[in-house]
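Residue-level listing of the chains:
Number of protein chains: 2
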Amino acid sequence: MPKGKNQGERALYDELVQRARETSLLGSCSAVLGWDEQTYMPEGAAAHRGEQMALLAGLAHERATAPRMGELLEALGESSLAADGDSIEGANVRQLKRDYDRRTKLPRPLVEELARTTSLAQQEWIVARRESDYKRFQPWLERVVDLKRKESECVGAGQDARGRDAAALVYDPLLDEYEQGAETTRLRTLFTALRQELTPLVGEIVEAAKNRPGHAGILERSFPVDRQKTFGEAAASALGFDFQRGRLDVSAHPFCTGIGPGDVRVTTRYDERQFGDAFFGVLHEVGHGLYEQGLPVEQYGTPAGEAASLGVHESQSRLWENAVGRSPAFWRYWFPMARRVFHESLHDVSIDRFLAAVNQVEPTLIRVQADEVTYNLHILIRFELEQALLAGDLAAADLPSAWNDAYRETLGIVPKNDAEGCLQDVHWSAGLFGYFPTYSLGNVYAAQLFQKARRDLPALDESFDRGEYHELLAWLRDKVHIHGQRYAPATLIERAVEGPIDSHVLIAALRHKYGSLYNL
Amino acid sequence: MPKGKNQGERALYDELVQRARETSLLGSCSAVLGWDEQTYMPEGAAAHRGEQMALLAGLAHERATAPRMGELLEALGESSLAADGDSIEGANVRQLKRDYDRRTKLPRPLVEELARTTSLAQQEWIVARRESDYKRFQPWLERVVDLKRKESECVGAGQDARGRDAAALVYDPLLDEYEQGAETTRLRTLFTALRQELTPLVGEIVEAAKNRPGHAGILERSFPVDRQKTFGEAAASALGFDFQRGRLDVSAHPFCTGIGPGDVRVTTRYDERQFGDAFFGVLHEVGHGLYEQGLPVEQYGTPAGEAASLGVHESQSRLWENAVGRSPAFWRYWFPMARRVFHESLHDVSIDRFLAAVNQVEPTLIRVQADEVTYNLHILIRFELEQALLAGDLAAADLPSAWNDAYRETLGIVPKNDAEGCLQDVHWSAGLFGYFPTYSLGNVYAAQLFQKARRDLPALDESFDRGEYHELLAWLRDKVHIHGQRYAPATLIERAVEGPIDSHVLIAALRHKYGSLYNL
Numbered sequence: 001m002p003k004g005k006n007q008g009e010r011a012l013y014d015e016l017v018q019r020a021r022e023t024s025l026l027g028s029c030s031a032v033l034g035w036d037e038q039t040y041m042p043e044g045a046a047a048h049r050g051e052q053m054a055l056l057a058g059l060a061h062e063r064a065t066a067p068r069m070g071e072l073l074e075a076l077g078e079s080s081l082a083a084d085g086d087s088i089e090g091a092n093v094r095q096l097k098r099d100y101d102r103r104t105k106l107p108r109p110l111v112e113e114l115a116r117t118t119s120l121a122q123q124e125w126i127v128a129r130r131e132s133d134y135k136r137f138q139p140w141l142e143r144v145v146d147l148k149r150k151e152s153e154c155v156g157a158g159q160d161a162r163g164r165d166a167a168a169l170v171y172d173p174l175l176d177e178y179e180q181g182a183e184t185t186r187l188r189t190l191f192t193a194l195r196q197e198l199t200p201l202v203g204e205i206v207e208a209a210k211n212r213p214g215h216a217g218i219l220e221r222s223f224p225v226d227r228q229k230t231f232g233e234a235a236a237s238a239l240g241f242d243f244q245r246g247r248l249d250v251s252a253h254p255f256c257t258g259i260g261p262g263d264v265r266v267t268t269r270y271d272e273r274q275f276g277d278a279f280f281g282v283l284h285e286v287g288h289g290l291y292e293q294g295l296p297v298e299q300y301g302t303p304a305g306e307a308a309s310l311g312v313h314e315s316q317s318r319l320w321e322n323a324v325g326r327s328p329a330f331w332r333y334w335f336p337m338a339r340r341v342f343h344e345s346l347h348d349v350s351i352d353r354f355l356a357a358v359n360q361v362e363p364t365l366i367r368v369q370a371d372e373v374t375y376n377l378h379i380l381i382r383f384e385l386e387q388a389l390l391a392g393d394l395a396a397a398d399l400p401s402a403w404n405d406a407y408r409e410t411l412g413i414v415p416k417n418d419a420e421g422c423l424q425d426v427h428w429s430a431g432l433f434g435y436f437p438t439y440s441l442g443n444v445y446a447a448q449l450f451q452k453a454r455r456d457l458p459a460l461d462e463s464f465d466r467g468e469y470h471e472l473l474a475w476l477r478d479k480v481h482i483h484g485q486r487y488a489p490a491t492l493i494e495r496a497v498e499g500p501i502d503s504h505v506l507i508a509a510l511r512h513k514y515g516s517l518y519n520l
Numbered sequence: 001m002p003k004g005k006n007q008g009e010r011a012l013y014d015e016l017v018q019r020a021r022e023t024s025l026l027g028s029c030s031a032v033l034g035w036d037e038q039t040y041m042p043e044g045a046a047a048h049r050g051e052q053m054a055l056l057a058g059l060a061h062e063r064a065t066a067p068r069m070g071e072l073l074e075a076l077g078e079s080s081l082a083a084d085g086d087s088i089e090g091a092n093v094r095q096l097k098r099d100y101d102r103r104t105k106l107p108r109p110l111v112e113e114l115a116r117t118t119s120l121a122q123q124e125w126i127v128a129r130r131e132s133d134y135k136r137f138q139p140w141l142e143r144v145v146d147l148k149r150k151e152s153e154c155v156g157a158g159q160d161a162r163g164r165d166a167a168a169l170v171y172d173p174l175l176d177e178y179e180q181g182a183e184t185t186r187l188r189t190l191f192t193a194l195r196q197e198l199t200p201l202v203g204e205i206v207e208a209a210k211n212r213p214g215h216a217g218i219l220e221r222s223f224p225v226d227r228q229k230t231f232g233e234a235a236a237s238a239l240g241f242d243f244q245r246g247r248l249d250v251s252a253h254p255f256c257t258g259i260g261p262g263d264v265r266v267t268t269r270y271d272e273r274q275f276g277d278a279f280f281g282v283l284h285e286v287g288h289g290l291y292e293q294g295l296p297v298e299q300y301g302t303p304a305g306e307a308a309s310l311g312v313h314e315s316q317s318r319l320w321e322n323a324v325g326r327s328p329a330f331w332r333y334w335f336p337m338a339r340r341v342f343h344e345s346l347h348d349v350s351i352d353r354f355l356a357a358v359n360q361v362e363p364t365l366i367r368v369q370a371d372e373v374t375y376n377l378h379i380l381i382r383f384e385l386e387q388a389l390l391a392g393d394l395a396a397a398d399l400p401s402a403w404n405d406a407y408r409e410t411l412g413i414v415p416k417n418d419a420e421g422c423l424q425d426v427h428w429s430a431g432l433f434g435y436f437p438t439y440s441l442g443n444v445y446a447a448q449l450f451q452k453a454r455r456d457l458p459a460l461d462e463s464f465d466r467g468e469y470h471e472l473l474a475w476l477r478d479k480v481h482i483h484g485q486r487y488a489p490a491t492l493i494e495r496a497v498e499g500p501i502d503s504h505v506l507i508a509a510l511r512h513k514y515g516s517l518y519n520l
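Line by line, the protein sequences give chains A and U. If you're matching positions, the first sequence starts at 1 in the numbering used here and goes up one per residue. If you're matching positions, the second sequence starts at 1 in the numbering used here and goes up one per residue.
Read the hints as simulated data drawn from the structure, not as lab findings. Honestly, I wouldn't trust all of these hints.
[To be verified] From the structure, some residues in chain U lie toward chain A, with a derived Cβ separation under 10 Å:
id, residue
1, 238
2, 242
3, 246
4, 518
Built from N, CA and C at the ideal position, the CB exists for glycine as well.
Just chain A, same shape as in the assembly (with noise of 0.2 Å):
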């Protein structure tokens, strides 16, 4: 091929980057903003940063569909630059190409009203949360919900509707903006044998547990904040969570944030006599941290610098909070500190009923502080619900009822308000809808790269003993982090694991796990 040829397409290369490192910057603005939404933003200002939010999603939204965007990956999709799909430059055309034509699919208005407006519902929400006053955000709600329909209709326009219902064909353009590739009708599948394995799997612990003391109760002792905070941090530090590059906030629902090179932010929450509720939320964000400080800094601002997927990067927060955090090896490390730390709470309590407490599996009514094995039965009820709530089978005023109802028959438990109940997570006020789904599949790669590294890594547990961590995290950083989107989420995976994508890994591990804790 001549030269000029090739220089020609490399310049055209550089000038797509170039802009998409831009709208990535914007977009990073864009990020800062929405944590300090969530951190330290005083009530009042809710809706003045509702417009600033808008304001941006509208700018970056005009720069990611410039026309001249359109121009660039035209003339790259059929360059010899682009050709190899899995070479760093393939990768960024291909993935620039997919959200540009997402992107110009929406009209700017909706793109600011979607903004503005979850920025809002997401104040509303933690007001209406606190005061558990459902009927307060049920108008939010409603807008938001209205505000995805459309996002599905634009995005989803001329789909191909064979083998899908109502309910799929609203689902999936939203589904899809979080995890490339994924389907709903597959993912029904995979909450299908979820919920066939687990359910009689906790019906099992429910019984056992019946004839002998629980120990959950050892975690709601005292277990004063600033000590909480200090414990957290250390661990936090030891996984190779580096704070020079990032941040631990306080938040109403924790969260991690990728805000760039060298800003990593995560958040949790603490409460004096919940121990677990804020440390295993630590090491959860702290896995989604570990992955944004992985990425490729070089790669910054395109897609081969970001994160694979919503369920890749749940992948590492999983893995890190309960493959990791709630083994016996790590506890042999950080047990005798704990009891140290917190002498009155853990000096009569030996690490053999700490572990037990650390793993009791329980239906209970929070998601993010549910146990491994009922974690999935909490996912898949809002799975449920989302996708009723956007085909509109199920009307906002009716979710509370549809919510309980489900918590019943799922888990049989009810919550008593609606703060423990359909108002415990953020993301619906945030115009997360598509999002929950990728926590389940996060368990089920999570799974998988744990069993994987486990066999490539024989010393794992002996290092866990040790409190160093570095080995597990160069594997991870090696298989996962460093690829950024250079492969699709389900072939990044299997390429780590060596082998096909399979929710029996996971299932596998907690009958494992928890027949042998449980002596089923």
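Could you slot chain U onto chain A? The hints should help.
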């Protein structure tokens, strides 16, 4: 005049306002990022933050200098709507024209480079100050001075040079950004008067103090930081600062930023061994914050909804910090509470000794901790040094020695290191040249405003006795806050005090107060 013409003018005006608001909104996004940079941003994020700030500054510049802005301003400049320069419409057109003229003289690359460089320089300043390492900061100062000189050249191009020396020619365009209508030559006259009057007063006080014990040591006992925080917040609330629409945080250099309606944030810094540093710092920044919270919300995003000038801003902070916060009436209410909160350190202190301590006059090294009498001497040192830096009469390499010489000559003391010398203030790292003299203008305005308020409100001291400040706040809202930039700064003050601006009111007030405190 035919109705059609009026309607046409109104439509143009509405479009102008809409555009101005959008630019302000973008500026308010920068304000959030700027606040974050000073308070919570991790160190590793500095480079990325510089890029974010540059992008937002560039976008704001692009909008503010759009050709359509020029067309609208030209059309409205001749309109009947803007004919009355004291009407809100007239003031908005006048001030937006001023801003447009100024901005269109600045090339966008310079605007972006200034935003990027000052963002990075502030991070370097934090480290350099912490480690008292001027050499580390020097190249950044050189870069900032160079950029500000270019800014001055652009803005000042074609100005009338008569009656001004080289330093005034480079300084005036920068000064005018912060204090509309101020001139270097007139400021020099002001500072000459302040030097002539205050230097002997300081001498007399230092002489008188030799024969009696100092009391400042009282404020250097132990004042636990968490209690300082609570006490400061209580005072801030009592003064009228609305925490529903604002925050108080910690930063290396205290500041106030008005992000938008409902979002005004102040900062301070705590030292267990310096009660006065944080407490009067809080009163000072809250003074700024009350002004921001008092601006007319319905005019937000236009000049009529923005503070009149830095000098007027500083008049508010200095009035609350000094005229109110160091008065006997103020402490008659707060001292008993302080004695309860800080019992260990204040149980043996009488209110008279405490008042002597908070009003102790003594040449010291740190501007923000300086007493009212020496304060303006700190300012005149900076005013002279920054003129010399900009004019090229002083090389950045020679700043530390020039600084130390000036302190020896003016205040008779010399910094032990650069952290308490030329590295103490954030301003130059942030590109704020021409900013310092507005502090002294603020002192002049504050003295006159407070004198007038006392005349208008004879029961003021009695309200302070009860810990009530709403009478004074209402007076300031009515005379100053509510007007935004409707009048030029000097005009605003002259209208409020019903007389000409006169620095002798400040000098007389200081002579009166400290003559009596020190029995001169």
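Verification of the supplied hints:
1. With its C-beta approaching chain A no nearer than about 18 Å, residue 238 of chain U sits outside the 10 Å limit, and its interface hint is violated.
2. Taking 10 Å as the C-beta cut-off, the interface hint given for residue 242 of chain U holds, the closest approach to chain A being about 7 Å.
3. Hint on residue 246 of chain U holds. Least Cβ distance to chain A is approximately 6 Å, under the 10 Å limit.
4. Against a cut-off of 10 Å between C-beta atoms, the interface hint on residue 518 of chain U is violated, since the closest Cβ of chain A lies about 43 Å away.
The structure shown violates the earlier hints numbered 1 and 4.
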